[in-house]
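Protein chains: 2
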Amino acid sequence: MCGIIGYCGPKPTAKVLLEGLRRLEYRGYDSAGIATIKDAELTVIKKTGKINDLASVVPASLDGQYGIGHTRWATHGAVNDVNAHPHVSQNGKIAIVHNGIIENFASLKETLEERGYRFVSDTDTEVLAHLVEDFYEGDLEEAVKRALSLVKGTYGLLCICTEEPNTIIGARNGSPLVIGVGDGEMFLASDVTAILGHTRQVVYLEDNEVVKVSSEDFTTTDIRNTPISKKIENITWELEEIEKGKYPHYMLKEIFEQPESVKRAMQGRLDEEYATAHLGGLNMSTRELLEIEQVVIIGAGTSYYAGMLGAYMIENLARIPATTELSSEIRYRNPIVKRNTLYFAVSQSGETADTLYALRELKRKGGKVLGICNVVGSSIARESDGGVYIHSGPEIAVASTKAFTSQITAFYLFALLMARMRDLSFEDGLILLRGMKELPDRINAVLKQSEHIKHLAEKYSYARNFLFLGRGLNYPVALEGALKLKEVSYIHAEGYSAAEIKHGPIALINPDTPSMFIVPRDELRDKVITNMKEVKSRGGKVIALCTEGDNGVRQIADDTIEVPEVNRYLNPFLMVVPLQLFAYYMAIKLGRDVDQPRNLAKSVTVE
Amino acid sequence: MCGIIGYCGPKPTAKVLLEGLRRLEYRGYDSAGIATIKDAELTVIKKTGKINDLASVVPASLDGQYGIGHTRWATHGAVNDVNAHPHVSQNGKIAIVHNGIIENFASLKETLEERGYRFVSDTDTEVLAHLVEDFYEGDLEEAVKRALSLVKGTYGLLCICTEEPNTIIGARNGSPLVIGVGDGEMFLASDVTAILGHTRQVVYLEDNEVVKVSSEDFTTTDIRNTPISKKIENITWELEEIEKGKYPHYMLKEIFEQPESVKRAMQGRLDEEYATAHLGGLNMSTRELLEIEQVVIIGAGTSYYAGMLGAYMIENLARIPATTELSSEIRYRNPIVKRNTLYFAVSQSGETADTLYALRELKRKGGKVLGICNVVGSSIARESDGGVYIHSGPEIAVASTKAFTSQITAFYLFALLMARMRDLSFEDGLILLRGMKELPDRINAVLKQSEHIKHLAEKYSYARNFLFLGRGLNYPVALEGALKLKEVSYIHAEGYSAAEIKHGPIALINPDTPSMFIVPRDELRDKVITNMKEVKSRGGKVIALCTEGDNGVRQIADDTIEVPEVNRYLNPFLMVVPLQLFAYYMAIKLGRDVDQPRNLAKSVTVE
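Chains Y and L, in that order, are what the protein sequence lines are.
Using the UniProt record's numbering, read the first sequence as starting at 1 and increasing by one per residue.
Using the UniProt record's numbering, read the second sequence as starting at 1 and increasing by one per residue.
These are calculated hints, taken from the structure and not from any lab test.
Among the hints, erroneous ones may be present.
Mimicking DSSO-like on lysine-lysine, the simulated pairs with C-alpha atoms at most 27 Å apart in a straight line are [claimed, not checked]:
(1) L:K152 with Y:K536
(2) L:K152 with Y:K527
(3) L:K527 with Y:K109
(4) Y:K152 with Y:K212
(5) L:K263 with L:K244
Here are the simulated distance ranges between beta carbons [claimed, not checked]:
(6) L:L430 with Y:L590: 54 to 60 Å
(7) Y:T219 with L:D428: 37 to 43 Å
(8) Y:R554 with L:K365: 46 to 52 Å
(9) L:R434 with Y:S107: 33 to 39 Å
(10) L:M421 with Y:F119: 53 to 59 Å
(11) Y:R554 with L:E243: 57 to 63 Å
(12) Y:R521 with L:D593: 36 to 42 Å
(13) L:N80 with Y:G268: 55 to 61 Å
(14) L:H455 with Y:D63: 23 to 29 Å
(15) L:D558 with Y:Q201: 46 to 52 Å
(16) Y:N234 with L:K459: 36 to 42 Å
As the structure is a prediction and not an experimental result, all values here were calculated from the model.
Here a beta-carbon is modelled for each residue, glycine too, at the ideal position from N, C-alpha and C.
Build the full structure now, drawing on both the sequences and the hints.
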């Protein structure tokens, strides 16, 4: 969350910054701003709202030789122009943009106020601007390092100064920062998507590293001035992958990409000869895999729900006890880490702060942690002991869709691998494997029903509250479906195990609060039908997501969405897609900003 | 859920039945009905709504020599007069009331229709009435047994027939049934509270037992006619415990009983000499307790949230890995049961079907299961290997309050016991023990703020949606607080770990959706404050439940409720009480039926 960009080079600086911010907008869109310097003169323009609001107040004449920009997801202080970044030092010479949280900002602020600094904003970032000014003695890099030595917290930051032409200082601790190496120009950004239109040569900074950039060159050191040599990497994404193409929204594009993205997640990983999966990135010998006695999966939001499904698959298929924990909870729970427990950290961006810190806590205790990430080279991918890249391609919509189905593909493959090392027969393994191979076609069949789902979303758009109900493997799907609807339509949707509603939540049922039941033809179908009847008895409306041609369900439900029959472990894949579409069309019907829903941001890099 | 009553004796039958149903009303109040027989003439009166609605249509002149009654929580078929119990056989001679679910009712119905029976209701119960008629050859008990031999499902049922004077047949499988033995009169009920005003001599039926009752006598057999001799037990509850006394509602009475009920839950269980707890009912040697390597707690609704807290206490204090599972989920998950894993089944009534069946599944696999129950002699208490009675006294309000604080008292004591057998020092044990001793006084201090809490409930009664947010030990408290508000006020309140909202749910925040933060002065306080600021940044209103005198919280929150400082493991006790009161006063303000909220029922005895 929050996006930052810096540019040093011959192109029109303001234009490059605004273009970069547009690519970063999904990381936060409470407010935005840019600061440019031309001939030792600093210009700062900030605006509440989206990048277009900012662009509308940037004069066409504005230019600069170098500059920085920021798009904000508010943590400290309300959403307004004053709290927008960049923040400027008291003498007006230094500008700074910052992603992260300065935890000791209150005490730093007090000290600075005693030294005569006056604060204009409520942000934690402003202390950094004044602190750098306070330390500045003709060397910006030195001043930044001295300021950061006093800071407790996380940051990805960029800093410029009117007295240092052609110079941007960047620093990273806990929030990502990447250098884009151009030909006679240099970029800095929180995320490669911001610079992919200009260069494919990038350098990822690590925690506690500082970079000094000019249009020609960059030098990296650690915070104690030790030089660090960095490797230039080559980005293999295509620019079109981060553009919407024919779709009106990224969310819809990414939903429709799922036959492809699921295929990529399994590509080269299916072994028909032994009816198992290959997952080379795990970095574990078969002996080590054999010794696993327990699996614990951590994640946040959608990744947590993917983990719940993963735990179910691993426990049921491989008969290894598996549980899921919220990253934010396990970290502060003083977790008990045991030998032969394997941990998975699930995060699309690989930068989710809650998950990253939990991973570190588990590793500190000697835990073996694998990552399930989308972004190659991300913090979690690098700090884990190995893992599975899901190769979904860039996910830009704030509400995660294709990452979820690819995450559960990774777990399905891992469960198959572990099960085939244990009690699962070749024949049963082959059934699971072939089911997975056919999955992209099945997802395509579901996507063909988008018009029907759109119609249902419109039919039920009167509802301000919704329950999503499933059991077993489809309980996490219910949770994920409710989360999607919440995120993009702002309808208060809540997911429950269908059996749980009679223990309280059924009090919410009335004709204005419909229920979405996930009820495939599996061993729990009859139980879920009983729960559906309980809701119908109370006058609640029921939409049922069921297996094609299930007349028993059709007789009870007000409406159905029907998906092809697959093995029970694949049902969640087919069930979640209609829920994503339902949320999308509901948001459209209600006039929401689908790709950038209010209050949210992609890639939550603060705790 | 559902309540049933039967009476055979000289008193006015209709009056006794209606009085019993009033005591049972909290078990279900969709509809109610009675059937009485006088001189071989059957009278059936049924009515949608509560017992008062039924009583208003029962003529004062109605009398009978014996009869049965029922208060319904609908599972099959809508709520209406026709679907209300009792159900009558086609020839009009047999009446039946039934609690539970007949799973194979569809096929039985088909067979009966082929044999010429016509159905008038949509219930599963009606098949029983016709089936008993079909088998009746002059012996009602025999006919009932033959009918039940074809039934798949659960039942607590009573049956009468015009041709058999002074006779009620009762049968139990999965739904509780108790015989009340009077002097020249006999009672049958699903729950002792219904008959406590008449007799204290009771006999609990077990699954697959059938009883034949007359005003003078009863005989018990199993379904294959083997005689079974039963023990008469003596009820020690006082009638006043199940009356409201000076309080307008049971819920308020039970909230205010908590200093006493928590004291009862710890009584005789604190050992100052060794700074530990005594829990004799566990039926486990110290050696067995020492060998526990893992704890898994199962429950539903409020009991599940108590279990989450219990797991946290056990894991943190005793350093034994502990997790919680929904009863309804674990049962169908093919759970892996390991040697040295200890299970707890938590249920106030001890009759919760989801939990009872999960317990049986775990025991079948060789698992050791302890119960944490309130109702002495309940199914879970009897079928578990031991456990802890919480001694809260009867809990009548449908929304559980005092049972929750007593359940977590039991876990606190168990965690202390296990911790003191492991790494916890005498001194630290003593601090925990003394904290517990002082807890009733601290709860009293919180209850004194009820006027302030009432004021806040009224102030925020405009809200149709609410978030409840806490972390660590107070995350389950947030879930429980949200459940209470849902249950009695029908406001859509949802609980989350405070850190999770930025991963999606924060999209719901606007000025009309307030957040209740639980933020005691503990090691997570500063993190929760950051989450509070995120909500405030988006214009959300914040009520903070914090430790007395916390100025940092006061500065941010719109309103605070402040509770005394206690050790961190006791915070949840003090935090949940204001949430109970908040839910109660909100429901009053909104004109809800607090003790019998819509769609709900106490003691969920169906899956």
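Numbers of unmet hints, in rising order: Numbers 7, 8, 11, 14 and 16 - these are the hints that the structure violates, sorted from lowest upward.
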